[in-house]
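Given next are the chains, with one letter for each unit.
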Amino acid sequence: MKKETLKKFQSLLALLILCVLISILTDKFLSASNLWNVLRQISVNVCISVGMTLVVLMAGIDLSVGSILAFTSAVCAGLLTQGIAFESMDLYIGFTWVGAIVVALIAGLLLGLFNGFVITKFDIPPFVATLAMLTMARGATMLYTGGIPIANLGEKFERLGSGWLLGIPIPVWITLTVVGAGIFLSRKTNFGKYVYAIGGNEKAAFLSGINTKFVKLMVYGISGITAAIGGVLVTARLNSAQPNAGTSYELDAIAAVVIGGTSLSGGVGTITGTVIGAAIIGVLNNGLVLLNVSPFWQQVIKGLVILLAVIIDKKSKK
Amino acid sequence: MKKLIILCTVLMLALSCKKEQANEAPKVAVVISTLNNPWFVFLAETAASNAQKLGYDAKIFDSQNNPATESDHFENLISAGFDAILFNPTDADGSVANILKAKAAGVPVFCMDREVNADDAATCQILSDNYSGCVELGIDFVKTMKETGKYVEIIGLVGDNNTWARSNGFHSVVDKFPGLKMVAQQSGDFDRNKAMEVLETILQANPDIDAVFCGNDAMALGAFQALQAAGKADIIKVFGFDGADEVVAKIEEGKIMATGMQHPEVMAEYAARYAHEYFTGRREFPQRIPVEVELVTKSNADQFIKK
Numbered sequence: 001m002k003k004e005t006l007k008k009f010q011s012l013l014a015l016l017i018l019c020v021l022i023s024i025l026t027d028k029f030l031s032a033s034n035l036w037n038v039l040r041q042i043s044v045n046v047c048i049s050v051g052m053t054l055v056v057l058m059a060g061i062d063l064s065v066g067s068i069l070a071f072t073s074a075v076c077a078g079l080l081t082q083g084i085a086f087e088s089m090d091l092y093i094g095f096t097w098v099g100a101i102v103v104a105l106i107a108g109l110l111l112g113l114f115n116g117f118v119i120t121k122f123d124i125p126p127f128v129a130t131l132a133m134l135t136m137a138r139g140a141t142m143l144y145t146g147g148i149p150i151a152n153l154g155e156k157f158e159r160l161g162s163g164w165l166l167g168i169p170i171p172v173w174i175t176l177t178v179v180g181a182g183i184f185l186s187r188k189t190n191f192g193k194y195v196y197a198i199g200g201n202e203k204a205a206f207l208s209g210i211n212t213k214f215v216k217l218m219v220y221g222i223s224g225i226t227a228a229i230g231g232v233l234v235t236a237r238l239n240s241a242q243p244n245a246g247t248s249y250e251l252d253a254i255a256a257v258v259i260g261g262t263s264l265s266g267g268v269g270t271i272t273g274t275v276i277g278a279a280i281i282g283v284l285n286n287g288l289v290l291l292n293v294s295p296f297w298q299q300v301i302k303g304l305v306i307l308l309a310v311i312i313d314k315k316s317k318k
Numbered sequence: 001m002k003k004l005i006i007l008c009t010v011l012m013l014a015l016s017c018k019k020e021q022a023n024e025a026p027k028v029a030v031v032i033s034t035l036n037n038p039w040f041v042f043l044a045e046t047a048a049s050n051a052q053k054l055g056y057d058a059k060i061f062d063s064q065n066n067p068a069t070e071s072d073h074f075e076n077l078i079s080a081g082f083d084a085i086l087f088n089p090t091d092a093d094g095s096v097a098n099i100l101k102a103k104a105a106g107v108p109v110f111c112m113d114r115e116v117n118a119d120d121a122a123t124c125q126i127l128s129d130n131y132s133g134c135v136e137l138g139i140d141f142v143k144t145m146k147e148t149g150k151y152v153e154i155i156g157l158v159g160d161n162n163t164w165a166r167s168n169g170f171h172s173v174v175d176k177f178p179g180l181k182m183v184a185q186q187s188g189d190f191d192r193n194k195a196m197e198v199l200e201t202i203l204q205a206n207p208d209i210d211a212v213f214c215g216n217d218a219m220a221l222g223a224f225q226a227l228q229a230a231g232k233a234d235i236i237k238v239f240g241f242d243g244a245d246e247v248v249a250k251i252e253e254g255k256i257m258a259t260g261m262q263h264p265e266v267m268a269e270y271a272a273r274y275a276h277e278y279f280t281g282r283r284e285f286p287q288r289i290p291v292e293v294e295l296v297t298k299s300n301a302d303q304f305i306k307k
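Sequence order for the protein chains is A and B.
Take the first sequence: its position 62, counting from 1, is numbered 62 in this note's numbering, and each next residue is one higher.
Take the second sequence: its position 172, counting from 1, is numbered 172 in this note's numbering, and each next residue is one higher.
Honestly, the hints are just simulated from the structure, not real lab data.
All C-beta atoms, glycine included, are put in the ideal place defined by N, C-alpha and C.
Hints should not be assumed to be uniformly reliable.
[As the list claims (entries may be wrong)] One-sided excerpt, in silico: chain B residues whose CB lies under 7 Å from chain A:
no., residue
1, Asn-36
2, Ser-187
3, Gln-204
[Claimed, not checked] Lysine-lysine pairs mimicking DSS-like chemistry, simulated, CA-CA at most 30 Å apart:
no., chain 1, residue 1, chain 2, residue 2
4, A, Lys-302, B, Lys-150
5, A, Lys-188, A, Lys-213
6, B, Lys-232, B, Lys-150
7, B, Lys-255, A, Lys-156
8, A, Lys-188, A, Lys-314
9, B, Lys-306, A, Lys-156
10, B, Lys-194, B, Lys-298
11, A, Lys-188, A, Lys-121
12, A, Lys-302, A, Lys-315
13, B, Lys-232, B, Lys-176
14, A, Lys-193, A, Lys-121
15, A, Lys-156, B, Lys-194
16, A, Lys-302, B, Lys-306
17, B, Lys-181, B, Lys-298
18, A, Lys-121, A, Lys-213
19, A, Lys-314, A, Lys-193
20, B, Lys-176, A, Lys-156
21, A, Lys-302, B, Lys-181
22, B, Lys-103, B, Lys-143
Bound-form chain A, shown alone (with noise of 0.2 Å):
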């Protein structure tokens, strides 16, 4: 637990000696509307994060995430814009904002669950399996969209990624959400340990009597719901829904998920650590602009940081 403790302090301290440097560097860091641009910013990652940190730990990885955020933010904006036509039987169905995302997200965890389906059923590596996913659900978004983006879906809806509700603003709100139940799940739950326990050594975990590929299937699932959050966010910041929408945002969850201390092979890592991986990132991209650094050497140095800040945690723990 001390260890734990220990490591957790290891990657919030990197936060901090980044917050430091950057503040020293230029005086707009530090002004309560760009911190909150950086909150609303790093949102969406963070909430695709939950789910992918529950993923490593079970020393899976999930590179469908930014597809499945695509097709999820076009089912999203293509229902409150079309809604579904059956012409055959002139029928239409409308929906209001609430009901099309809850269809959004269900597409999420029916995607998600998919994945997990292919995983436990045919013993495919996740890797390939999620792989796969990446291009199938992109391809879905391209048919359903046309390749071309929805816009005007209504002031409420945009409310939802522009809003504030009680000095915070809504995307921050629904991704504090996300954050507390993801913790609530991996760490009060029976669950959790279970995802633990299969990151640790999958053979004991199934031979103690724990439904290793019931555990597996939620999880994708799990991760496919918070990718379709991150999806709704997305749309209702744009208040459109872009066909190549999180393009290579899976590649932004990994790398918070690892530079927050979850190892790659499973069984080790925490949320909080994750959310802080994010906001390394989100304080670093923020910091590059705000300096003017050319966008050539901000890529480096973003590099180079996902390096820096993995040695740290490696030296740490030994």
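For chain A, the structure is supplied; the task is to place chain B on it using the hints.
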């Protein structure tokens, strides 16, 4: 083994079916750099439908912004017996080898929108003039800004040649006016969300800017959204490029200042018609045909609104 034999038979049957079709009408392939962007989807579909209207069998192939994928497509197309390629290259240099392969096999290639750096490879290149289009836009920018002010440039993907053709065209005009000062230049990856986030951050460092120039219209819309959220949409002027419907509508409302209207439908039509003329015996084509980019401002936006 049995399954393999069945599979092979089915495949051979399928392939022989294709061959028979080939004897009926020439087949036209549309090889497009990416289908991940509505503008290119429109270009590809218009080219294909134009070819179909002329009585040809047309198919679209997506290179996914990857010259290697494009190379695979070309090899497959040549061996599948396609008779012409309407081509939107992924890369000005990297795509040349692919075109030469087709040329060697006697398949004419008509480039659309993007240029390749070779004069003897493609049968004809029908090009959107991004550089000159942004020169026009730059002139309007200078006029609208009355030659003074601070501005931000949000460029597209840094590895894309259109990004730099547009940026260079714009700066060839604007840099001559010392009163116009660029306080930040950042990439928005041609993406609406990225552009919005980048501008949100830039506004923190430079709250007193007067204008934003974006390398495409998706980013202009993202920038507008960031300004609207910050309550500065009325003060800070947005300029885009492409001629997207949503932007043209916003220009008419006075919310966005100007954009460069490209004409993908004209390029697609030219390419299909030239392929048709090639099939009917024409062999001499001009190497480059520039298709003009029109400046859209509040004064003429109503002409571009699609009804």
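Outcome of the hint check:
1. The criterion of a C-beta within 7 Å of any C-beta in chain A is met by B/Asn-36, whose closest approach is roughly 4 Å, and the hint holds.
2. For B/Ser-187, the suggested interface contact is upheld, since its CB lies about 4 Å from the closest CB of chain A, less than 7 Å.
3. This hint holds: B/Gln-204 has a C-beta 4 Å from the nearest C-beta of chain A, less than the 7 Å allowed.
4. With a CA separation close to 28 Å, the supplied pair A/Lys-302 and B/Lys-150 stays within the 30 Å bound.
5. For a cut-off of 30 Å, the pair hint linking A/Lys-188 to A/Lys-213 stands: about 21 Å separates their Cα positions.
6. Pair hint B/Lys-232 plus B/Lys-150 holds up; C-alpha atoms about 15 Å apart against a cutoff of 30 Å.
7. For a cut-off of 30 Å, the pair hint linking B/Lys-255 to A/Lys-156 stands: about 22 Å separates their Cα positions.
8. Taking the CA atoms of A/Lys-188 and A/Lys-314, the gap is near 27 Å; set against the 30 Å cutoff, the hint holds.
9. For the proposed pair B/Lys-306 and A/Lys-156, the alpha carbon gap of about 27 Å is at most 30 Å, so the pair holds.
10. About 27 Å separates the Cα atoms of B/Lys-194 and B/Lys-298, which keeps this hinted pair within 30 Å; it holds.
11. Note on A/Lys-188 and A/Lys-121: the hinted pairing holds, with a Cα-Cα distance of about 28 Å set against a maximum of 30 Å.
12. Between A/Lys-302 and A/Lys-315 the alpha-carbon distance is near 20 Å, which keeps this suggested pair within the 30 Å criterion.
13. A hinted pair counts as satisfied when its Cα atoms are at most 30 Å apart, and B/Lys-232 with B/Lys-176 qualifies at roughly 27 Å.
14. Between A/Lys-193 and A/Lys-121 the CA atoms are separated by roughly 23 Å; this keeps the pair inside 30 Å, and the hint holds.
15. The straight-line distance between the Cα atoms of A/Lys-156 and B/Lys-194 is roughly 23 Å, inside the 30 Å bound, and the hint therefore holds.
16. Distance hint between A/Lys-302 and B/Lys-306 is unfulfilled; the C-alpha atoms sit about 43 Å from each other, more than 30 Å.
17. Note on B/Lys-181 and B/Lys-298: the hinted pairing holds, with a Cα-Cα distance of about 24 Å set against a maximum of 30 Å.
18. The straight-line distance between the Cα atoms of A/Lys-121 and A/Lys-213 is roughly 8 Å, inside the 30 Å bound, and the hint therefore holds.
19. Note on A/Lys-314 and A/Lys-193: the hinted pairing holds, with a Cα-Cα distance of about 24 Å set against a maximum of 30 Å.
20. With a C-alpha separation of about 46 Å, the suggested pairing of B/Lys-176 with A/Lys-156 is violated against the 30 Å cut-off.
21. A distance of roughly 28 Å separates the Cα atoms of A/Lys-302 and B/Lys-181; the hinted pair therefore holds under the 30 Å criterion.
22. Of the supplied pair hints, the one linking B/Lys-103 and B/Lys-143 is violated, its CA atoms being roughly 46 Å apart against a limit of 30 Å.
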